[in-house]
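*Asks:* Each chain is listed here by its residues.
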Amino acid sequence: MKLTGSEIIMECLLQEGVHVMFGYPGGAILPTYDAMTKYENRLHHVLVRHEQGASHMADGYARATGEVGVCIATSGPGATNLVTGLATAMMDSSPILAITGQVPIPAIGSDAFQETDVTGVTLPITKHNYLVTDVRDLAYTMKEAFHIARTGRPGPVLVDVPKDVQLALTEFEYPEGEIVLPGYHPPSSADGSEISDALRLIEEAERPIILAGHGIMMSGAMQELRELSERAQIPVTLTLLGKGGMPEDHPLVIGMMGMHGEASANLAIQEADLLIALGMRFDDRVTGNLKTYARNARKIHVDIDRSEINKNVKADVGIAGDLKTVLTQMLPKLKPKSHPEWIGRIRDWLEDSSERDILNYETPGRLLTAQVINDIWEHTQGEAITVTDVGQHQMLEAQYYPHQRPATLLTSGGLGTMGFGFPAAIGAKFGKPEEEVWAIVGDGGFQMTLCELATAAQENVNVNIAIINNFFLGMVRQWQELFYEKRYEATPLFNPDFCKLADAYRIPNRRVTKRDEIADAVQFARDIDGPTLIEFVVEKEEMVYPMVPAGADLHDMKRRPKPGEG
Amino acid sequence: MTSQVDINKVTVVALVENEPGVLNRIASLFRRRAFNIDSLTVGRTHKPHISRMTIRVVAGPEYARKIATNLQKLVNVIDVRVLDNEPHVERDLALIKVRNDDADSRNTITEICDRYPARIVDVGPKVAIIEMVATEEILEEFIDEVRPTGIVEMIRTGVVSMGRGTRIHDTNFTRRDLAKIQNQISAGGNGNVI
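Chains L and Y supply the protein sequences, listed in that same order. According to the numbering used here, the first sequence is numbered sequentially starting from 1. According to the numbering used here, the second sequence is numbered sequentially starting from 567.
This is chain L alone, in the form it adopts within the complex:
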């Protein structure tokens, strides 16, 4: 049967198991929108209010489900508005497929109305991209795009489809069989010698530590990680995106590492004699000064992306492979071990951390972000999917909302995209309708994508928005306080009345200014089947501790003063 290019796009989406797409129409993508009318029972289109929102929603959907999230935009400005979302997904290895309209082929290169070289613009921020110039290539290209997005190290793929290709007719047949590409062979298993080298280092280690990243969950290696850690009694520290890879109440999990990580985790890395880095990439926010990073440790590094091995930190044993496969190869030969002294030392550091904990401070008349996050955690039984924005509230979420299950903390780690949280939460809810979803966002970042309140209301998405309002760009202010002698240039915010704003969108809302109001507000949000907004008015000049200043040694942390110290 002959179908138009637009219908082929829809058929391909269905073949790949897509049920929902996030997008915004426009001239060059109109044929595809027209085709949607025939598919609306099977493919739900969510109309966003800005294409950036669509890209983050697709990303949130992808992170929550592990499936490819789909966003659609028109040519020119529609496509360029996706850029921030594509870059965000690229940095955090999130599988999304962006479909963009393009001006008709004869107009390409003529500076036509709403023409942008979208494949050129998105080249460095997509895993791969395509400009489809022949409708006969479309089905194959779509299949290839899904394959590339979801396999290996996942990432965003963009397919740019000129308007005349969307309109052209061709025989449709979805290509059967596995996609095989000449230059695309993600590694899977490790060599026997690599496995035995890694096992030897583990056996010889007295102070080993596992650094578990996002790759654990992407590979589905949660059980294997746990077995490795338990059998060889190796403590586990998590990256921000690795949270959920192992339950945080597990006695061997010592919390998050890095710039705002647990002091005990950072000290353990610096004192360790072996780092076992699994599915993480030694980001500068994780290592601090590379020259002094884990100087006494040998390093085993397993990652699916070969170019990550030896990029920032030299590996003694570097394995390019799929984590679940590699750990499954390793586990049968792993001998039980114990490191009571080493674990005892880390426990001592942990106790020091809890002494500096903010939660039990007397704070009469002031509401602290940590208290808000902790209480949301408590009243959601730690079971919600939380989607954060970027800044102080994000780091405090990481510190005060322990996650037990994979893919329950969704956050922009690599790119640090303000404005990500709220739309990504909408996408996550579409992916996981049975889960409770909270968008925990700052007053700054929320205002970057708040237009999606209309999307949430129109679709009646059951997302609970917690705005942590300190009337500041808090993290920038923190840096200004510490490193720029409190010159608060461009960080104090004039904010709208967020509750009135929610009213304008007919979204139920509350404002919380005291700690004893939190429980009631959280319950209010949970009881409503639809979007809700709670504004938490918090202390203006709060700090996130511990903090490793950018470029400083990982052990050189600024610590929260103990009560009475100042």
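It is possible that some hints are incorrect.
Claimed, not checked - In the BS3-like style, the derived pairs of lysine-lysine whose C-alpha atoms are separated by at most 27 Å in a straight line are: (1) K314(L) x K575(Y); (2) K558(L) x K291(L); (3) K500(L) x K514(L); (4) K314(L) x K639(Y).
Read the hints as simulated data drawn from the structure, not as lab findings.
Chain L is already provided as a structure; the job is to place chain Y on it using the hints.
*Replies:* Frame of chain L, contents of chain Y only:
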């Protein structure tokens, strides 16, 4: 002739799909990872859908491996090899336009060309064009000798390299043809010995 590779220069050879935009993808990668290209050549192989690149970078072998792993990540890059220790043949082609307007310079040029694998391919009353194909090192030597007579224009192709012996760097891949792909993927040998 086996090349004498400059200690600071490494040769990376890549097989890529001959598709629009592939060169752009590679150039973009070099730019965003801040890799410095000394020369880059690209041309079709005996299979029209596959092109081959020779990339010379000013770098140590470790850095070259970084480049190789990043290149390999590009979907259109079929195979990458760093030719640092492997014996290989390398050639650089130059067209050099020199002054030729008196007997002295004519004699000097002819004399120099006789000692090198160079030939004069175009002669006019004022200038001549010399064509020279050699390793980069010998070409540099030649240019230094010719320079005093007055080079007015020059173009070089950049280095192309090929490993010696029976270890071939090739692939039998045909695109967009699934049945063929499945038959040929095992036969297409990257680094296979014929």
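*Asks:* Taking the numbered hints from earlier one at a time, note which ones the structure violates and give those numbers from smallest to largest.
*Replies:* Violated hints: none; all satisfied.
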